[in-house]
Amino acid sequence: MRLTYSKQMLGAAAALAFVVAAGPLQAQTRAETLRYVTGASVNTLDPNIPGSTREAFAVSLSTYDRLVSFGRKQLNGKWVFDLDSIRGELAESYEVSPDGLKITFKLRKDAKFQDGSPVTAEDVKWSLDRAVTAKILGKAQLLTGSLTDASQFKAIDPLTFEVTLPKPDKLALPNLATVYPIIINSKLAKSHTTEEDPWAQAWLKDNTAGSGAYILESFKPGEQVMLKRNDDWNRGPGGKQAFFKRLILQSVPEPATRANLVEKGDVDIVIDLQASDAQSLEAKGKLQVISTPQYNAMTFISMNNQMPPFDKVDVRRAIAYALPYDDMFKAALFGRGELLTGATWADGKPPSGAFPIKQPIKLDLDKAKAYLKAAGFPDGFSTTFSFNVGQSATAEPMAALLKESLGKIGIKVDIQKLPDAQMSTQITEKKLPFFTEGIVAWLPSTDYFYRNFYTGNQRWNYSSIDNAELTSIAQEARFEADKTKYEADGVKLNAINFDQMPQVPLWQPSQDAVMAPSIAGYTYQFHRQVDYRDLSRK
Amino acid sequence: MKLASTAKRAARRFASSLPALFGVLVFTFLLMRVLPGDPAVFFASGPNAGKEEIETIRKQMGLDKPVPQQLVLYLYDVGRGNLGRSLMTGQNVTKDLKERLPASLELTFSALLIALVSAIPLGILAALRPGSLIDHGVRLFCALGVCVPTFVSGLLLIYVFYYLLGIAPDPTGRVDIFMTLPPSHTGFLLIDFLIAGDFEGWWAAFKQLILPACTMALFVIAPLARITRASMLASLGSDFVRTARSVGLSWWRIVVTYALRNAILPVITIAGIVFSTMLGANVLVEKVFSWPGVASYALDALLSSDYAPVQGFVLLMAFVFVIVNLVVDVLYGIADPRISIG
Amino acid sequence: MSSATLQHAAFILRGNPITAVAAAGSTLLILVGLFAPWLAPYDPIASDVANALQAPSAAHWAGTDQLGRDVFSRIIVATQLDLTIALSAVGISFVLGAVIGALCGYTGGRLDRSVGRFVDVLMAFPLFVLAMAMVAALGNRVENIVIATAIINLPFYIRFARAEVNVRRNLGWVEAARASGESHVSVVLRFLLPNVLPAMVVQMSLNLGWAIINAAGLSFIGLGVKPPTPEWGIMVAEGARFISTGKWWLVAFPGLALMLAVLCFNLLGDGLRDILDPRQRT
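Residue numbers (our numbering), protein chains in the order written: chain A, 843 to 1380; chain B, 115 to 456; chain C, 13 to 294.
Worth flagging that the hints you see were computed from the coordinates, not collected in a lab. Warning: the hint list may mix true and false statements.
Straight-line C-alpha distance at most 20 Å; calculated EDC-like pairs for lysine to aspartate or glutamate [what the hints assert, rightly or not]:
no., chain 1, residue 1, chain 2, residue 2
1, A, K1204, C, D60
2, B, K173, A, E937
3, A, K1250, C, D55
4, A, K1062, B, D290
5, A, K1062, B, E169
6, A, K1087, B, D290
7, A, K977, B, D178
8, B, K165, A, D1308
9, C, K238, A, E1246
10, A, K1106, A, E874
11, A, K1250, C, D60
12, B, K173, A, E1271
13, B, K165, A, E1271
14, B, K179, B, D191
15, A, K1245, C, D60
16, C, K238, C, D55
17, B, K173, A, E874
18, A, K1106, B, D290
19, A, K1272, B, D443
20, C, K238, A, D1262
21, A, K1012, A, E1322
22, B, K212, A, D1048
23, A, K1272, A, D1256
24, B, K165, A, E1246
25, A, K1245, C, D55
26, B, K209, A, D1048
27, A, K977, B, E166
28, A, K1254, C, D55
29, A, K996, A, E1038
All values derive from a computational prediction rather than experimental measurement.
Next comes chain A alone, as it looks inside the complex (with noise of 0.2 Å):
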């Protein structure tokens, strides 16, 4: 080891300044090195565990594999999943039978599990009968593509594996691309069971036993994790191993310093920075700014359609008109993201079924006022406009526009900001009469939207809306196969939706990922996370 004195230390505190230099091996890895910051941290390695965050979904992308996983198209000059286009992944082909009540998955011959076990069908069974049966989260998810039971999964021979379903569902393939059925390896993992706890779940929460493209070096679960190249994985695009040798993921909770790392180029990618800072940082110019409005998902203001005075309609057409959605919009994206109202509809009908829509409301008091008379509150009313702690950044500016708007038409309203567990749980006790949030749907087609998030008394029926008409329509369309006919069914759906006025929407907000200018590759996914097996250093 040579031991040299950098200048500017000598400057700083000489008498501390005992120096090694980087060596050159150090200056290599730095580039083949990817560092990814965020304020969320990662919490479980099992994706599947209640309360996994994001972060730890992002990770278990790269530690294990899936079936099959989504491909990738340009939207607007930018690289976004592509829900229509399904390749396989540990699969090396599948075939839907023509009756669309069978799917036949045959596994590559190569796939190993980190351990160097050959991946089987065996395993592929053992991991989604672990998604249907173990008390996890995949359950919920998989239940959307009708995969409910153990028996609908059969091993066929090592490497066929075969999916049967009660009838045909569009969503049953990209249920097996999404987050939880991850392919696990069942010999460690049964290695690892007790009685109580039959699926493993204890042990693969700190533990990994996948064939992903990243092995785990280290967790320290809320702080960081650090990843190293698994180099016989192929299974990136055009049958390459990933390009990092080494990820490494940190948390860093405040927001300004993560633009700061980023800017500084101590830090490769960064999605999660302030709409300030990411506009600041794109002004600038010196790093790549790369903003994909979240198109499958929407912000907006919900009321409580239960609960007076929200209960009647021309209320919650009142508040629709009385919102200055542009500047609400600007103070508190800077005008990052996708408005979701100024629209025109040309005779007043929907101009298309798809989900989330522009809709055709605007500011104007004039009009609002009128509907609140025709109401009955010609004086306006008191209410409570609630949001969580951890979107002030961008819901208070919001609430104060609002406030003082509403304020015009006589609605007095006290803004209240609730700690994140707080308002999670008064929105599920729907207790809650005027609150903002944010939803956001994997697998965004419209039936899946209206049923999820407008229907039945569940907590993601922010709005608590009950209308007959609606629930009916969006179940039928969930197995409409034909295209018309499903394209009918979403309009009318938009019309109920426009007309009933369940909540204001409000828009979608950018993406903004935020890296270095010799990064390639970033692809906006359906998690809303960077999946690193995307990315390379140019």
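Fit chains B and C to the supplied structure of chain A, relying on the hints for placement.
Chains B and C alone, transformed into the frame defined by chain A:
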């Protein structure tokens, strides 16, 4: 003889503080149950979380039982050294705290050291010339340190030293991420690096530590300087200093050997209090510098209504508080012959 | 206050310009707080998004924020709220602490012991986390921020009042008052408490600054007052996140206001200590 009685006294003090620890434990437990957030609902917030999942988590956490029963179970667990499980990190709270406490302790010790090293000379200077410009200057400086919230001074230091000047390393934890960690003996990186003989590592850890430590130190220089000044004034005006002066001892010797030695006792007491307050109050510094300590851990848990980590953290802090008081007490007993033992 | 004390005060102030400036500053702050609505050039909560994030100018002395609100007006109006929070929080702990502490110190016995235990428990808590937990549990309204701040200050006042009263209760003149037929309550209120007050006032002044800082810390983690109410802490906390984007005025001006207030209160407390107890100058 003296040692034995000091130990006896310490043991008695410790025993008498046990009820307070118990009180803290029960009070925190109840306070967390009053929080309107339901952790089960919060942590079940995956895209398709249903009632069943919420129930599963509730059962896992023992929240399906009535509160008094939960309390008894919790006390039983704590008695066996089990502080419960954190939903947030998925780990045992005991393990989490054990891993994070050294980070907080190292930061707090360093901050206290910096504060003492600057406060004691300042206090002495002020005491030597009471009412002078120096005295006023010291007072103003100390007051300035207390009037900036730590999160502001922290962010400013990062902005200047990391972002603008590029002198400080990136504020992401205890050591450069590309550095190999030394084998852990004490958990204190500065000491572990020294033991391993890795000076490069030591310097990296030191550079990470210095900004947050200064941020915290700024805030506590004032009370330490104040007490130093006061006790120095008292000590300089006392009979033995006057005697020493009259026999013609050198000025330096009078100040350092006689006056300071006698003035240091109250400073130790205050330093003890400052230490235990800092350890619990450096939430914001830890947040700003992404320091993986216990306080930021507790804050995250609190906001997500994750009961066990908050309870564990508060208990730990109360315990440290008791220990620190004990240490101060013992130091006092050893340093001051006038304190009678009993 | 006797004329001798006043003379002593005048003497100290002359020799101690910093205290004089601090006293003047505190008075000014209180005046600004009282007349804030008339002093502010703009409505502090009226938005003007077209003019958001403007740097300081002749029209907007301290620039505008994310919603185009005038930062200077917000700072002025916030003075009122911040002083109210600080004064009422410290006031509550002062009054409660003095009464409880004096009672304990005077009566001793079981009450003293149980309150002592309670104080021990409070003291062993990590105080800022306790404040956070209380605000989180009760909801982040101004009243609750005040209550939380008051409670975490309480132990010091109780201990202080208790110790002082305890020392004095058996002194000759107190015995004499009791002998001359004064009730216990009146002995405590008329003879003992007035003697304890001055030292506690010093503590109060020091705590005022601390209460403001504490509220700012709560704002930083999202447990501050609710929007759009202007408050220094929340303005600083939000502004601090704009430092690296070059919008310095968002943190600089509210930060300066906050610093000045805390500085004035601290220096004033320091100075008051000199005036009230020249021997214990610390």
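For each hint, the structure was consulted:
no.	hint	verdict
1	A:K1204 <-> C:D60	holds (18 Å)
2	B:K173 <-> A:E937	violated (42 Å)
3	A:K1250 <-> C:D55	holds (15 Å)
4	A:K1062 <-> B:D290	holds (16 Å)
5	A:K1062 <-> B:E169	violated (28 Å)
6	A:K1087 <-> B:D290	holds (19 Å)
7	A:K977 <-> B:D178	holds (17 Å)
8	B:K165 <-> A:D1308	holds (19 Å)
9	C:K238 <-> A:E1246	holds (14 Å)
10	A:K1106 <-> A:E874	holds (18 Å)
11	A:K1250 <-> C:D60	holds (15 Å)
12	B:K173 <-> A:E1271	holds (19 Å)
13	B:K165 <-> A:E1271	holds (11 Å)
14	B:K179 <-> B:D191	holds (15 Å)
15	A:K1245 <-> C:D60	holds (14 Å)
16	C:K238 <-> C:D55	holds (17 Å)
17	B:K173 <-> A:E874	violated (45 Å)
18	A:K1106 <-> B:D290	holds (15 Å)
19	A:K1272 <-> B:D443	violated (54 Å)
20	C:K238 <-> A:D1262	holds (15 Å)
21	A:K1012 <-> A:E1322	holds (9 Å)
22	B:K212 <-> A:D1048	holds (17 Å)
23	A:K1272 <-> A:D1256	holds (18 Å)
24	B:K165 <-> A:E1246	violated (37 Å)
25	A:K1245 <-> C:D55	holds (15 Å)
26	B:K209 <-> A:D1048	holds (13 Å)
27	A:K977 <-> B:E166	holds (9 Å)
28	A:K1254 <-> C:D55	holds (18 Å)
29	A:K996 <-> A:E1038	violated (25 Å)
In terms of the numbered hints stated before, the structure departs from hints 2, 5, 17, 19, 24 and 29, listed from lowest to highest.
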